[in-house]
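Respectively, the protein sequence lines represent chains A and L. Its first residue numbered 1, the first sequence is counted upward by one per residue in this note's numbering. Its first residue numbered 1, the second sequence is counted upward by one per residue in this note's numbering.
Hints in this document: simulated from the structure, not taken from any laboratory. There's no promise every hint is true.
[Unchecked claim] Mimicking DSBU-like on lysine-lysine, the simulated pairs with C-alpha atoms at most 30 Å apart in a straight line are:
hint: 1; chain 1: A; residue 1: K149; chain 2: L; residue 2: K74
hint: 2; chain 1: A; residue 1: K182; chain 2: A; residue 2: K149
hint: 3; chain 1: L; residue 1: K74; chain 2: A; residue 2: K43
hint: 4; chain 1: A; residue 1: K120; chain 2: A; residue 2: K182
hint: 5; chain 1: L; residue 1: K197; chain 2: A; residue 2: K120
hint: 6; chain 1: L; residue 1: K192; chain 2: A; residue 2: K182
hint: 7; chain 1: L; residue 1: K74; chain 2: A; residue 2: K128
hint: 8; chain 1: A; residue 1: K149; chain 2: A; residue 2: K43
Below, each chain spelled out in residue letters.
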Amino acid sequence: MAGEQHAWHQLVSAQHRRIYAICYRFTASAADAEDLTQDVFLKVYRNLATFDTQRGSFQTWITTLARNLLVDHFRRTRLDRASDSLDASLGTDPDGPTHADRLPDPSPSQEHHVAGLELKATIQEALKQLSPELREAVILRDLEDLDYKEIAQVLRIPEGTVKSRISRGRGELARLLQRIEKQIN
Amino acid sequence: MEVAEINQFGSAQPLGSGPGPGCAHCEAMLADAIDGTLAAADQAAFDRHIATCDLCRQMFADAQRGAALLSMLKAHRPEPSAALLERIFAQTSGAQTSGAQASSPAPLSLLSSPAAHVDATPLPGQESLAPNLLLFPARPVRPVHRFSLHALGHAMLQPRLAMTAAMAFFSIALTLNLTGIHLNQLKASDLKPSNLKRGLYDADARAVRYYENLRVVYELESRVRDLQRANDTDTPEPPPQQASPDRSTQPDQQPPKQQRPKPNSGTSQRQNLRLPEVKLAAAPACEPSARPLSVSLVCSHRFNRFNPFKEHVVEGGLV
């Protein structure tokens, strides 16, 4: 019993950051990401007995569970999603910089730091505006380093479609970022 | 015409981009081209195509830029709060700790959350709460920092709640209108029991008056009174006799169809006049063709004889 518990603790400790990152990148909300991460591990805990090693790796399995919960979350919240505005904070940190509120900082190093944070927040914002099919593909490939075969298993689509979605997602992200920067300037 | 398919997210699938088959093939190779894993022949074909196709060249440039942006984002992985791990353990296996640990302070997340508190408090004699937690996982409730008016408005504007509220408002308004209560004229003294009682009686009297003043009710009541009066005038008479000659009747206003004479209802010409008809009608009809004529002659004669108010003698049958 103690051994199982220890194993469970190790598993959760090893995976919870990765699952949280996937959820955060998809929802752009720390609160939602934490809730979803909890749900993922609760589901894993309940369905551990159903995991079949011959079907795929544990990482693929838990990523699939996380992705399915993200789909459900997306469907549930699509009616409540308001359009983004320039006054919304970049990312979901209410204390973070906003699009239209960028205070100049005289110090060059701090300026670079703030500019870097702003850019990352802007990229996250653009990622959030991507359509969900393209978003999940680029997150799993470019942010989580899954290979095309694993992504195809998680998303249950052919590998060719995975590559096509990743390419379109990248291109769309670049165009969205250009549009956001034009709006700011 | 292409029909868009609905994907798992509930939205229409984006249709393929690129005007030509070459562009579709180029798009398929885009990811591998950026990764640098294309075979030599494919790479050559790809390079040839983008040299001639502006659309694919732009697409390739955008995809490269997007990949670069994502690699910047990848460098800073979002970190969860420190409490997340504890919450996960509390939800799944934290309650499986032994009794020795139960005396020590339980994990912060478990006892600090109000929603989990009731489930997690160990009762004396209970060995483990793990099954309960598994069946009823207690998610710690995060404090709500802002009261969401938007969420409340959204909940209230649901059709069923809006209809219920509208019907309740309408019913109350109608009741107040019927009882004659005006909210802007309401005073504190009106709420005393005696005043309430008086108000109730007033409302009752108003309702009765309104009902009685309705034309249809008035007309129905007057008809009923007339009928009752007509029946009452027939009441104080001796019991009817079969050959009574004295008749003092008013013009017959009875309906032509035969009616059963009421017991002790008194004599009247028409009732006595009716009796022969009944008797004759009940007699065996040997000559059905002749009988009605003779009956009618006899009856009309009798009617003429005993009806002092009738000026004309109608012969030939009952009128």
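Here is how each hint holds up against the structure:
1. K149/A to K74/L: The hint holds at about 21 Å.
2. K182/A to K149/A: At roughly 37 Å apart (the allowed maximum being 30 Å), K149/A and K182/A break the hint.
3. K74/L to K43/A: 27 Å, holds
4. K120/A to K182/A: 16 Å, holds
5. K197/L to K120/A: This hinted pair is violated, its Cα atoms lying about 74 Å apart.
6. K192/L to K182/A: 71 Å, violated
7. K74/L to K128/A: 15 Å, holds
8. K149/A to K43/A: 24 Å, holds
Hint violations for this structure: numbers 2, 5, 6, all remaining hints satisfied.
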